[in-house]
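Colleague: Listed here are the chains, written in short residue letters.
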Amino acid sequence: MKALRFAAQLLLYVPLMALIGYFSTRPQFTVIGPDEALLRLSFTHAAAPVHACRKRSAEELAKLPPNMRAPLDCPRERVPLRVSLELDGREVFERTVPPAGLRRDGDATVYFRTAVPAGRHRVVVRMGDQPGGGFNYTKAATIDFAPGAAWVIDYRPSEGGFVLRG
Amino acid sequence: MVAAPAGVGPGLWVRLERAFDRAFGAAANPLRNLGTLGFLFFWVLAVTGIYLYVRFDTSIAGAYGSIDHLSRAEWYFGGVLRSVHRYAADAFIVVTLAHLAREWAAGRFRRFRAFTWISGVPLVWLLYASGIVGCWLVWDARAQFSATATAEWLDALPMFGGTLVRNFIFADSVNDRLFSLFVFLHVGLPLALLAGMWVHVQRLSQPRTLPPRALALGMLAMLLALAFAHPVQSGALANPARVPAALDLDWFVLFAHPLMYATSPGALWILVGAATAVLLGLPWLVRGAAPVAARVSLANCNGCGRCVADCPYQAVLLAPRSDGRPGRLAQVNAARCAACGICAGACPSSTPFRSARDLVSGIDLPDLTVHDLRRRLVAALGGSGILVFACEHAAKGEALARAGNEVLALPCIAMLPPSFIEYALRRGARGVFLLACREGECIYRLGTELTAARLAGRREPHLRPSVPRARVRVGDFGLGEEARALDALDAFASMLANGGNPHG
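As you go down the protein sequences, you meet chains A and B in turn.
Read in order, the letters of the first sequence correspond to residues 60 to 225 in the working numbering.
Read in order, the letters of the second sequence correspond to residues 2 to 505 in the working numbering.
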């Protein structure tokens, strides 16, 4: 009887073992197709203030406490960032991103990911960070996307604007 | 320990548990030990994790290599421990989710159980957070995928807004400090989980936090067998410039990532937030009738503390007396009281031999006082049958009311003070049969075992040695086992008819 119970216990451990063993690695999850690559657009950038700084008059400065007599009156709020991404002439991403912060004076952060069929593609990214809403930064490039490659479009002013990394 | 509503037979889960009882026995039944198995797997993770931490290189260059080395070059020990660590985490999630589903199905989230239920909900978050961060330490393609997916999910919150993911998609942003953060999280989150597990059992008396040895050894053997049969291996080294087409995903830990990509980060937040809100709100969403809490009689309580020791939910505490006399007094926290009556069964003043016309116990159930119980007992005596004290949640007691047997129902069999058995026998009862819940199915956790301990003299109040044990029988039968209970009662009756000789 004891042997029978022991055998029954063994038999009942097997399904748990099989459950854990199988689902710890299977089924495989397909992140992107075998003939695809991944393109990400990711950057953080502070757009321009909503309007230009204004020079304070002498009278205005005189009314201010001495420690607050800044000659320029600059707004804290920044304009929203406009971003567009084109792939082979087709716009795949377009967004107006508000600045972070309660006073809308922080950076605007952009993140977008899309799978791209492997092969050569024309990529155009545009950004507008000035009042008025137009695009004032553009980067166009032809990229040869290898299967499984991950490309990132970043914006780094120190490197001259948009950079493509893959 | 899952109770079915009155008038309904045992549910599928209860039937499954009973089937497992046949192989494991009720005490070591894994389905009745899901919570304790969670504790076991936690400690397995802690012990194996300490070894892995000692061997882990917390640097971008060394993290992957140090773990991969264990699996390949030291597969016989380090590799096995790594696999056991991983599978214990998976098993921890399996038993935790099963534990949650079981308690939900049994309706164990209301009123006196609300604290235990609510304190369990954050543990699910902590468990997943610990497991997900643990996956990152390996820093293979799966780790990179998980870290990136988690960052994308968190970035959906306005406070992050897309900045976190930048830590994982550029080769130059993954550095040694990041691994120090991972290690900190993978130690800190499990410690928070352990603290939460401690809080989780605080409102339970005599909580069991480890499974019986046989079950623990069985589970450890299973983890080891799995580690040898299907050793865990790292995938390719993480490379931010590459995306794996297909991943060997650990679905127990990382199922949320595919779910997010199938929907959106926002949708996953809504889903997870709604699930958490439902779980946390369940005690208020489904309330049911409030039990009438036990009450203490100042004049009859001597502050002995037996009710405090036996209360399954720590609803009774000892406090300074309010009548100026020295000593302490039992005090009932009504919100925690299950009205099971176990406290009344433990009270030394709950003896029917007291001469008081109105029997008032030190602690009593207003809906069924010890005085009521004595009155019903006296009324039931004098018949030719056996006196049956039946738990209302066990097999239906009315099925035993035949051939002159008298059945007295109790909210829990441990509400019966052992002195009532002696009283009944002295007053002419042929025999006393206690119908208790099946082992492991007491809805008040401790009723069946407290009764057994009191009758065996291992716990106060005990059944006096002078009481003829042959005229007392305990049968533990769950709902749906009325026929077996009746057979046991008939066998008891036959034995009594044969003068106490079980073989006639």
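Simulated from the structure, these hints should not be mistaken for lab results.
Be a bit skeptical, because a hint or two may be false.
[What the hints assert, rightly or not] The following residues of chain B were derived to be distant from chain A, with all beta-carbon distances above 12 Å: (1) Ile170; (2) Leu272; (3) Gln332; (4) Phe354.
[What the hints assert, rightly or not] Where chain B lies over chain A, by a calculated footprint (3+ residues, C-beta under 8 Å): (5) 115–127; (6) 197–208; (7) 212–218.
Yeah, the Cβ is synthetic: ideal placement off N, Cα and C, and Gly gets one too.
Colleague: Hints first: check each against the structure and report whether it holds.
Modeller: Hints, one by one, checked against the model:
no.	hint	in the structure
1	Ile170	violated, 5 Å
2	Leu272	holds, 18 Å
3	Gln332	holds, 45 Å
4	Phe354	holds, 44 Å
5	115–127	violated (count 0)
6	197–208	holds (count 3)
7	212–218	violated (count 1)
In this structure, the earlier hints numbered 1, 5, 7 are contradicted, and the remaining ones agree with it.
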